[in-house]
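Let's have the full structure, built from the sequences with the hints guiding it.
Letter by letter, the chains look like this.
Protein chains: 2
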Amino acid sequence: MALIVQKYGGTSVGSPERIAAVADRVIRWRQKGNDVVVVVSAMSGETNKLVALINAVNPIGSEREKDAILATGEQVTIGLLALALEKKGQPARSYTGGQVRILTDGAHTKARIMDIDGSPIRKDLAEGKVVVVAGFQGVTADGSITTLGRGGSDTTGVALAVALKADECQIYTDVDGVYTTDPRIEPKAKHIPVLSLEEMLEMASQGSKVLQIRSVEFAYKYDMPIRVLSSFDETDTGKSTLVTREDEVMEEVSVRGIAFNRDEAQLTVQGVPDRPGVAYQILGPISDANIEVDMIVQNSGSNSTTDFTFTVHRNDYHKATQILARTCEALGARAWEGDESIAKVAIVGAGMRSHAGIASKMFKVLADEGINIHMISTSEIKVAVVIDEKYLELAVRVLHQAFGLSS
Amino acid sequence: MALIVQKYGGTSVGSPERIAAVADRVIRWRQKGNDVVVVVSAMSGETNKLVALINAVNPIGSEREKDAILATGEQVTIGLLALALEKKGQPARSYTGGQVRILTDGAHTKARIMDIDGSPIRKDLAEGKVVVVAGFQGVTADGSITTLGRGGSDTTGVALAVALKADECQIYTDVDGVYTTDPRIEPKAKHIPVLSLEEMLEMASQGSKVLQIRSVEFAYKYDMPIRVLSSFDETDTGKSTLVTREDEVMEEVSVRGIAFNRDEAQLTVQGVPDRPGVAYQILGPISDANIEVDMIVQNSGSNSTTDFTFTVHRNDYHKATQILARTCEALGARAWEGDESIAKVAIVGAGMRSHAGIASKMFKVLADEGINIHMISTSEIKVAVVIDEKYLELAVRVLHQAFGLSS
Numbered sequence: 001m002a003l004i005v006q007k008y009g010g011t012s013v014g015s016p017e018r019i020a021a022v023a024d025r026v027i028r029w030r031q032k033g034n035d036v037v038v039v040v041s042a043m044s045g046e047t048n049k050l051v052a053l054i055n056a057v058n059p060i061g062s063e064r065e066k067d068a069i070l071a072t073g074e075q076v077t078i079g080l081l082a083l084a085l086e087k088k089g090q091p092a093r094s095y096t097g098g099q100v101r102i103l104t105d106g107a108h109t110k111a112r113i114m115d116i117d118g119s120p121i122r123k124d125l126a127e128g129k130v131v132v133v134a135g136f137q138g139v140t141a142d143g144s145i146t147t148l149g150r151g152g153s154d155t156t157g158v159a160l161a162v163a164l165k166a167d168e169c170q171i172y173t174d175v176d177g178v179y180t181t182d183p184r185i186e187p188k189a190k191h192i193p194v195l196s197l198e199e200m201l202e203m204a205s206q207g208s209k210v211l212q213i214r215s216v217e218f219a220y221k222y223d224m225p226i227r228v229l230s231s232f233d234e235t236d237t238g239k240s241t242l243v244t245r246e247d248e249v250m251e252e253v254s255v256r257g258i259a260f261n262r263d264e265a266q267l268t269v270q271g272v273p274d275r276p277g278v279a280y281q282i283l284g285p286i287s288d289a290n291i292e293v294d295m296i297v298q299n300s301g302s303n304s305t306t307d308f309t310f311t312v313h314r315n316d317y318h319k320a321t322q323i324l325a326r327t328c329e330a331l332g333a334r335a336w337e338g339d340e341s342i343a344k345v346a347i348v349g350a351g352m353r354s355h356a357g358i359a360s361k362m363f364k365v366l367a368d369e370g371i372n373i374h375m376i377s378t379s380e381i382k383v384a385v386v387i388d389e390k391y392l393e394l395a396v397r398v399l400h401q402a403f404g405l406s407s
Numbered sequence: 001m002a003l004i005v006q007k008y009g010g011t012s013v014g015s016p017e018r019i020a021a022v023a024d025r026v027i028r029w030r031q032k033g034n035d036v037v038v039v040v041s042a043m044s045g046e047t048n049k050l051v052a053l054i055n056a057v058n059p060i061g062s063e064r065e066k067d068a069i070l071a072t073g074e075q076v077t078i079g080l081l082a083l084a085l086e087k088k089g090q091p092a093r094s095y096t097g098g099q100v101r102i103l104t105d106g107a108h109t110k111a112r113i114m115d116i117d118g119s120p121i122r123k124d125l126a127e128g129k130v131v132v133v134a135g136f137q138g139v140t141a142d143g144s145i146t147t148l149g150r151g152g153s154d155t156t157g158v159a160l161a162v163a164l165k166a167d168e169c170q171i172y173t174d175v176d177g178v179y180t181t182d183p184r185i186e187p188k189a190k191h192i193p194v195l196s197l198e199e200m201l202e203m204a205s206q207g208s209k210v211l212q213i214r215s216v217e218f219a220y221k222y223d224m225p226i227r228v229l230s231s232f233d234e235t236d237t238g239k240s241t242l243v244t245r246e247d248e249v250m251e252e253v254s255v256r257g258i259a260f261n262r263d264e265a266q267l268t269v270q271g272v273p274d275r276p277g278v279a280y281q282i283l284g285p286i287s288d289a290n291i292e293v294d295m296i297v298q299n300s301g302s303n304s305t306t307d308f309t310f311t312v313h314r315n316d317y318h319k320a321t322q323i324l325a326r327t328c329e330a331l332g333a334r335a336w337e338g339d340e341s342i343a344k345v346a347i348v349g350a351g352m353r354s355h356a357g358i359a360s361k362m363f364k365v366l367a368d369e370g371i372n373i374h375m376i377s378t379s380e381i382k383v384a385v386v387i388d389e390k391y392l393e394l395a396v397r398v399l400h401q402a403f404g405l406s407s
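Which chain is which? The protein sequence lines are A and B, in order.
Note that UniProt numbering has the first sequence beginning at 1, numbered continuously upward.
Note that UniProt numbering has the second sequence beginning at 1, numbered continuously upward.
By construction, these hints were calculated from the structure, which means they are not laboratory data.
Small disclaimer: the values here were computed from a predicted structure and weren't measured.
Please note: incorrect hints may appear among the correct ones.
Pairs count within a copy or across copies, as identical chains cannot be separated in the list.
Below are the DSBU-like pairs computed for lysine-lysine, each with C-alpha atoms no more than 30 Å apart in a straight line [said to hold, decoys possible]:
| no. | residue 1 | residue 2 |
| --- | --- | --- |
| 1 | Lys-188 | Lys-361 |
| 2 | Lys-49 | Lys-188 |
| 3 | Lys-87 | Lys-49 |
| 4 | Lys-88 | Lys-319 |
| 5 | Lys-87 | Lys-319 |
| 6 | Lys-390 | Lys-209 |
| 7 | Lys-361 | Lys-390 |
| 8 | Lys-190 | Lys-221 |
Structure below.
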């Protein structure tokens, strides 16, 4: 008897018919002798509709109020799925983030989960119920509703799996797993049956849209296996990708996949006085505004000044430029500039550790195509570069080919 | 400095533009030096959309789950109104029923308010904020979301006004007050500027759609004045109806208005053994199923049997017939029958007390038109009759004329 947490995204619960299909699948897993906890997103399109309402009323208003509005999408789905399960004879009980007490910090619209009280869920499971929990949302200690940011339902799924010590967290989506790169850009992209949490972390953080990065961080931190499956496979026998501990990943290749994203914007401060504390003075106010910074590069310049470049999510770009303008003045920097037309491309693979020359091969492949590199960032298992957005598709295809992923 | 609770219905908050207009009005009341608490319904059409989703998935499922779904409509509106107020420079804070802790019993889809914790609201008001509360919903002691039934937002408004000891509860709707009868049926219907809570109670329970009956019961019990106003009057100087203590209602007329409804269905048990406890045996199971019974008539029959007739809301008719069929068998009753094509018409007025012959005049007026009466129910300030639904409009018009309301 295993305990499975299943998460279904918006497309998987996009209509009463799709919700009935999810109920069927949940019941099949129950009938195989498993306890099942289900995390659901809002029905596809609902969150966008709520965002449009917010923007029509007051796009720059209090994020506490926005969260109260946004959280309703998932609340509708949990009720509907519980009703669908009941109709098929399976007792079920729904919980909002606040009801199951998914306690978060107060960073509205991108809150972080602090704690989950698993006891009411365990009680329901012991009574033979399926428990349905709203993804994407939580509650602060003082009872305000929070949301976890786009894709936060994955995080809810993994966090619940960790809190309940589940055997596996299954993420149902509209694709049957992780591919070597996005097949819409490179049709030769291939399915990856198993990869390590570390590799997935880099794939996710570099922009693979299959899993939300914070969910993978959570899974990595607590060693929770994630399985990515297609909710359109009604047989439960199709392909899937298991994301698990590195020692369980047998296949050893140098580069596992090509990740990319167009979600970032680049900001550069030029002619900053080169003295200790400058990085903090620039990034402190950005971070205080709850803006996440991804890549950071500092180049020593001439005349005791330096150039400082970093990237933020495009959604935060406007806010970041306002903060940066004030910081520049305070620092006596020469100028700052921003660029929203960038893209990030990365090669990812645990096998890189033992293979020299991977990074330089990447730079050569790009140079051969005349693609200029703005920034570089490396880790043990990835090399990421920022390039002009217009070269993105080209870069993905030539790298996919060059690292033997197309064969 | 007064404390005003304002309630806005679905039409009043039906679009971003209408929500902005509500925000303007709230701010005008603030600027006159009042503290304002606002209760809002779901945007018009939203609750029906949620009901359609529920019906598509499982119309006879758990009412706890239905409530979780239905409560989202108001949750969207509170966030949007708070954002609209902020945009216009007025600090605001929203609360769901669960957040402000509107504690109810567990009778899902028609829960009753047990208690409200006004302290967080008082704190916000003291800080100069407008507080926006979701109507129609509450929370049980164990944290399940409940709804109060259609029109429950009025009840939330009055209950909050009572809990906060407000000076007045203003109910904004799409009409500018209470009329002597529904102008869509009798174009000569006249506006009533002041009437007593007792009269309003009878008007509401007899089907006047302006105020929900439980809200008037609440106001009556706690002596809370209600003012009905139109949310389409942008000048705050138009007509309104003040519903208040009887001794403050100056105008003395015999009949204040003609109320009616088509929301009920009639059930009759024939040939019930005439012995003590029969009424309880028939109505006990109905009440256990949380079905409210309105009119009850028992006629002594012959041969130690009796006929027993009562009315329920049409929504509960199907459920009630199923229960009644079982009860009949258990009681050894001869037969039962039901009729969904009935209507109830009532004359209402505190002045009736001191005027003899009002009831018999009513019966004569109906008889003169050939309208047969199925059931009669009287109180100190109303006489209500059940007639065939097809005669409803005719009955309303002749009574409106006969009691001098058209002049």
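Hints versus structure:
{"no.": "1", "hint": "Lys-188 <-> Lys-361", "result": "within (21 Å within a copy, 88 Å between copies)"}
{"no.": "2", "hint": "Lys-49 <-> Lys-188", "result": "neither (35 Å within a copy, 43 Å between copies)"}
{"no.": "3", "hint": "Lys-87 <-> Lys-49", "result": "both (29 Å within a copy, 20 Å between copies)"}
{"no.": "4", "hint": "Lys-88 <-> Lys-319", "result": "between (49 Å within a copy, 21 Å between copies)"}
{"no.": "5", "hint": "Lys-87 <-> Lys-319", "result": "between (48 Å within a copy, 18 Å between copies)"}
{"no.": "6", "hint": "Lys-390 <-> Lys-209", "result": "within (20 Å within a copy, 61 Å between copies)"}
{"no.": "7", "hint": "Lys-361 <-> Lys-390", "result": "within (21 Å within a copy, 86 Å between copies)"}
{"no.": "8", "hint": "Lys-190 <-> Lys-221", "result": "within (28 Å within a copy, 71 Å between copies)"}
Figure legend: structure checked against the earlier numbered hints; the only hint not met is number 2.
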